[in-house]
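Colleague: With the hints as extra help, turn the sequences into a complete structure.
Number of protein chains: 2
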Amino acid sequence: MTKCDVLVVGAGILGLSAAYHIKNKNPKLNVLVVDKLGAAGQGSTAKSAAAFRCLFYSRTNFALADSSVEFYKYAQNDLGYDLKLRWAGYLWLFDDNGYKKMLPVLKDLANKGFEYKEYDGSDLAKKLDMQTDFTGDEEAQMMGLGNVYKGILIPKAGFIDVDSLVKFYESEFLKLGGKIQYNTEVTELIVEPRQPLGMPGEPYFWQDAIVTGAKTNKGLIRAEKTIVAAGAWSPLLLDQLGIDCFIKAKKRQVFSVKANTEALRKLLFTNEFTNAGCLPFTIFPKPSAYIRPNPEEGAFWLAYADEFPRAFKIEDNPEPEENYYQYGLYQVTVKYFPQFSGCQPFSAFAGLYEINTIDGQPLVFEENGVMVVGGASGSGIMKADAIGRIVAALYSGEEYALLYDDRKFKVSDLGLKHRNVELEKLVI
Amino acid sequence: MTKCDVLVVGAGILGLSAAYHIKNKNPKLNVLVVDKLGAAGQGSTAKSAAAFRCLFYSRTNFALADSSVEFYKYAQNDLGYDLKLRWAGYLWLFDDNGYKKMLPVLKDLANKGFEYKEYDGSDLAKKLDMQTDFTGDEEAQMMGLGNVYKGILIPKAGFIDVDSLVKFYESEFLKLGGKIQYNTEVTELIVEPRQPLGMPGEPYFWQDAIVTGAKTNKGLIRAEKTIVAAGAWSPLLLDQLGIDCFIKAKKRQVFSVKANTEALRKLLFTNEFTNAGCLPFTIFPKPSAYIRPNPEEGAFWLAYADEFPRAFKIEDNPEPEENYYQYGLYQVTVKYFPQFSGCQPFSAFAGLYEINTIDGQPLVFEENGVMVVGGASGSGIMKADAIGRIVAALYSGEEYALLYDDRKFKVSDLGLKHRNVELEKLVI
Numbered sequence: 001m002t003k004c005d006v007l008v009v010g011a012g013i014l015g016l017s018a019a020y021h022i023k024n025k026n027p028k029l030n031v032l033v034v035d036k037l038g039a040a041g042q043g044s045t046a047k048s049a050a051a052f053r054c055l056f057y058s059r060t061n062f063a064l065a066d067s068s069v070e071f072y073k074y075a076q077n078d079l080g081y082d083l084k085l086r087w088a089g090y091l092w093l094f095d096d097n098g099y100k101k102m103l104p105v106l107k108d109l110a111n112k113g114f115e116y117k118e119y120d121g122s123d124l125a126k127k128l129d130m131q132t133d134f135t136g137d138e139e140a141q142m143m144g145l146g147n148v149y150k151g152i153l154i155p156k157a158g159f160i161d162v163d164s165l166v167k168f169y170e171s172e173f174l175k176l177g178g179k180i181q182y183n184t185e186v187t188e189l190i191v192e193p194r195q196p197l198g199m200p201g202e203p204y205f206w207q208d209a210i211v212t213g214a215k216t217n218k219g220l221i222r223a224e225k226t227i228v229a230a231g232a233w234s235p236l237l238l239d240q241l242g243i244d245c246f247i248k249a250k251k252r253q254v255f256s257v258k259a260n261t262e263a264l265r266k267l268l269f270t271n272e273f274t275n276a277g278c279l280p281f282t283i284f285p286k287p288s289a290y291i292r293p294n295p296e297e298g299a300f301w302l303a304y305a306d307e308f309p310r311a312f313k314i315e316d317n318p319e320p321e322e323n324y325y326q327y328g329l330y331q332v333t334v335k336y337f338p339q340f341s342g343c344q345p346f347s348a349f350a351g352l353y354e355i356n357t358i359d360g361q362p363l364v365f366e367e368n369g370v371m372v373v374g375g376a377s378g379s380g381i382m383k384a385d386a387i388g389r390i391v392a393a394l395y396s397g398e399e400y401a402l403l404y405d406d407r408k409f410k411v412s413d414l415g416l417k418h419r420n421v422e423l424e425k426l427v428i
Numbered sequence: 001m002t003k004c005d006v007l008v009v010g011a012g013i014l015g016l017s018a019a020y021h022i023k024n025k026n027p028k029l030n031v032l033v034v035d036k037l038g039a040a041g042q043g044s045t046a047k048s049a050a051a052f053r054c055l056f057y058s059r060t061n062f063a064l065a066d067s068s069v070e071f072y073k074y075a076q077n078d079l080g081y082d083l084k085l086r087w088a089g090y091l092w093l094f095d096d097n098g099y100k101k102m103l104p105v106l107k108d109l110a111n112k113g114f115e116y117k118e119y120d121g122s123d124l125a126k127k128l129d130m131q132t133d134f135t136g137d138e139e140a141q142m143m144g145l146g147n148v149y150k151g152i153l154i155p156k157a158g159f160i161d162v163d164s165l166v167k168f169y170e171s172e173f174l175k176l177g178g179k180i181q182y183n184t185e186v187t188e189l190i191v192e193p194r195q196p197l198g199m200p201g202e203p204y205f206w207q208d209a210i211v212t213g214a215k216t217n218k219g220l221i222r223a224e225k226t227i228v229a230a231g232a233w234s235p236l237l238l239d240q241l242g243i244d245c246f247i248k249a250k251k252r253q254v255f256s257v258k259a260n261t262e263a264l265r266k267l268l269f270t271n272e273f274t275n276a277g278c279l280p281f282t283i284f285p286k287p288s289a290y291i292r293p294n295p296e297e298g299a300f301w302l303a304y305a306d307e308f309p310r311a312f313k314i315e316d317n318p319e320p321e322e323n324y325y326q327y328g329l330y331q332v333t334v335k336y337f338p339q340f341s342g343c344q345p346f347s348a349f350a351g352l353y354e355i356n357t358i359d360g361q362p363l364v365f366e367e368n369g370v371m372v373v374g375g376a377s378g379s380g381i382m383k384a385d386a387i388g389r390i391v392a393a394l395y396s397g398e399e400y401a402l403l404y405d406d407r408k409f410k411v412s413d414l415g416l417k418h419r420n421v422e423l424e425k426l427v428i
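Same order as they appear, the protein sequences are chains B and W. Using our numbering, read the first sequence as starting at 1 and increasing by one per residue. Using our numbering, read the second sequence as starting at 1 and increasing by one per residue.
Keep in mind that the hints were calculated from the coordinates and are not lab data. Mixed in with the good hints there might be a few duds.
Stated by the list, open to error - For lysine-lysine, the following PhoX-like pairs were computed, each having C-alpha atoms within a straight-line distance of at most 25 Å:
1. W:179 with W:28
2. W:179 with B:313
3. B:417 with W:100
4. W:126 with W:286
Modeller: As structure tokens, then:
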């Protein structure tokens, strides 16, 4: 039997950030991270499109993302970890309706001093050799594609190397004396009465009971505090105890297409928007499929976060679907960017969003002695540092977490009972 | 292939009430109810403790329960259905802390004109030959049992015969020309594009798609509108489409103990509180286990809605657990009522609460062409009529449902987007 002060279930980006920040605040604590996979960040973390933006409408999202990205910048510039931050920006394309809806939000953001830049459709057509007007294109009409009326460039946004970020937290955590056990799968959480009677079948319902550790394939782990950070798999552990974490899993697929023609290379390495040397993360108007450039690979990642009727489903090895590219992403992308004509993906991967179905924002709460962190709904990478600090503050019983750059964040805002997250109006 | 205008999945009390009210409002519609079981109300409905109360703090709960019970009264008195309504009342026992917390709520209710009666612990001890003070009882202390400081009797409350209520809705629905198919299990909902292209693998993500019926073990059913009322099983159908209904299943167990001694018969058939000829539905202070008298059977039903660490689990045949009685219900009950000393259950049953984990109140909403009703969280029987009317109003696109007695209820209040339910402060 292993004993520890804090057991973190899951070495994804949220589990690692939480473990690191707890250990950092409490150097003497015995903090143990376990993961069923063989290395850090090999679950959904590894399947991320690994883009970030520091422009959100809601105070919650902005604080979480901006402070995290500032910390990543610091880790890269001052701590010497090459996280391959690339400030390529986000280029958000809107049809006239979408733009009309977004206008008050954008004005509001401009008034608050946020930076962004606006482009006309015709301008974008020229800069990117793209199709912005589908008048007369029956096929595009049938597909319901939106014209490109305007484009909004968010400069404080871009890409990060997830693997390097994971390694950063892992090695800093280990340096502080933290422990990690891989290939260790938690099968259930242990519940015991606070005042055990030594009778069979405890706890009885009239006993006050709490989580005191976990059963794993490598034996029992007893912990003063257990933190579930198992991503899309968290409900499998928490449902067993009747704790609802409001997390559902949804498959997300990314298809990688090589820039193997002159026209595609021109698009990939365009300098029209930023000085990052590549196309921004580019979101189509409707449906909001996106292109995530991967200049290191000389490739584009094509993806779309499909909703109805995509199932909620927890799967260990989600597979990308050929038809999703052929009849979906390819058809949409080639309409906007004829340069992609005939392109086949040279690789593809699929992961799971762990979606918080209440409001799509992260959850950090404690119930019956177990802490839960998750539900970042596809933006866990860009918010991971702040979330880890909030978990550490909750662990320490603090009302406010101090985010990087000394911003204060009320811990209970991400909880269940006194949850207080602002509605996000800038949703992809 | 079967075709219908409205397909209701589930012939539990909510499905039947919804089907009846839709058919009643729209006599020409072809309304079909299917259920995987062989008769009406054989799932969780049959496993209900079948108690009702018309005293709630929240406007939402009060409107739903009171109007439903008024309708049941009407069905019994004026429509000639013997629903075996028995106005035995609820007797709610409080320890001093619980009472202190409840006092402002009760005062508020009294000011609003609600009727209830207050009893002192000593008075109850005499009337019921019960133990109300555990001072000096180490075992009771260890179990954390609450003393009985006060008892609140809610007179507009009691029991109903669930089977008769189910038969009422079933036969009235059939009389109107509604159809029911039993032994028909829906395995999945069908989703189709609004504008089909006749291509393989539709719908693609750029297509607008809706639910157009269901696949069952008896073949395809096409419906203009599908309503999922499958109780604890609803998430199995809705998760497949990525629709979150926020419903989780929790086992609930009831143990039936015969009143086979003079002392127990005296308790069961007491006339101290109402003229219903039996003990009220009696709730202990802490833990809030309860006694639901069943005078027809000459028995008491003992039960407790246990929370942590009771799992969320969907099971077709939940089993009552011997230990739950022996180490749980029996131990608690016999402390308050020594009359139960040595009593063994002569029968027991278990069902599933379909818990709405957001706020414990019912859900009625439509998403992507599928309507969902459920989440009544253990009070589906007492609210079924109102909920059925609200479903019918949503089906007809009406902003308000007219409940029995002409109360108006805003349909979207039970929805997801503009949900507006008052917090309940009188929770068992």
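Colleague: A separate judgement is required for each hint: does it hold in the structure or not?
Modeller: Hints versus structure:
1. W:179 with W:28: Measuring from Cα to Cα gives roughly 12 Å; hence the hint holds.
2. W:179 with B:313: Status violated; Cα separation ~34 Å.
3. B:417 with W:100: holds (22 Å)
4. W:126 with W:286: Roughly 20 Å separates the two Cα atoms, so the pair holds.
The structure fails to meet hint 2 from the earlier list, while all remaining hints are met.
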